[in-house]
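**Q** Sequence:
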Amino acid sequence: MSPTVHEIRNAIRATTGRFEREVDASFTKEELQAIGETLGIDVEETERPSTARMRRRIRSEVGVAESPETADDTTFLKADLQAIADEVGASVDCQ
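Oh and the sequence shown: position 80 is 80 in our numbering, straight run, nothing missing.
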């Protein structure tokens, strides 16, 4: 059985030093920043970038998009989450 989106998100959260959630919820700005730091994305701005910008940069870094400019900025789909999990080394256990 393939893992659910919730299970993949929680595996990514755990791998990036964030807490797993009981309820299905998209990533917070802080969680996106932790993913970016794990991926080695350099944030050159003095303030935290917008959620949409972080999503675009993450998609570009894991190879879902060719560049941040061409990347989608909506919430991550299951395929996006699987690519992110692979890139950060998250292990998804199906229950």
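Just so you know, these hints were derived from the structure itself, not from any lab. All figures in this text were calculated on a predicted structure; none of them were measured in a lab. Be a bit skeptical, because a hint or two may be false.
[Unchecked claim] Derived Cβ-Cβ restraints for the label pairs, each shown as a range:
1. Glu37 <-> Met1: 16 to 24 Å
2. Thr70 <-> Asp42: 18 to 26 Å
3. Ser67 <-> Phe19: 16 to 24 Å
4. Glu69 <-> Arg48: 17 to 25 Å
5. Asp93 <-> Arg53: 14 to 22 Å
6. Ser50 <-> Phe19: 34 to 42 Å
7. Ser67 <-> Val23: 19 to 27 Å
8. Gly40 <-> Met1: 14 to 22 Å
9. Thr4 <-> Thr74: 28 to 36 Å
Backbone N, C-alpha and C fix where the C-beta goes; we use that ideal spot for every residue, glycine too.
**Q** Evaluate each hint against the coordinates.
**A** Do the hints match the structure? See the list:
Glu37 and Met1 have their C-beta atoms about 31 Å apart, which leaves the hinted 16 to 24 Å range violated. The given range of 18 to 26 Å is respected by Thr70 and Asp42, whose C-beta atoms sit roughly 19 Å from each other. At about 32 Å, the beta-carbon gap between Ser67 and Phe19 misses the expected band of 16 to 24 Å. Checked against the hint of 17 to 25 Å, the C-beta distance between Glu69 and Arg48 comes to roughly 20 Å, which is consistent with it.
Checked against the hint of 14 to 22 Å, the pair Asp93 and Arg53 fails, with Cβ atoms roughly 31 Å apart. For Ser50 paired with Phe19, a C-beta distance near 23 Å fails the hint of 34 to 42 Å. A beta carbon spacing of about 33 Å between Ser67 and Val23 contradicts the range 19 to 27 Å that was offered as a hint. One distance hint, 14 to 22 Å for the beta-carbon pair Gly40 and Met1, is violated here, with the actual separation near 32 Å.
At roughly 19 Å, the beta-carbon separation of Thr4 and Thr74 lies outside the given 28 to 36 Å, and the hint is violated.
In summary, the structure is inconsistent with hints 1, 3, 5, 6, 7, 8 and 9 from the numbered list given earlier, while agreeing with the others.
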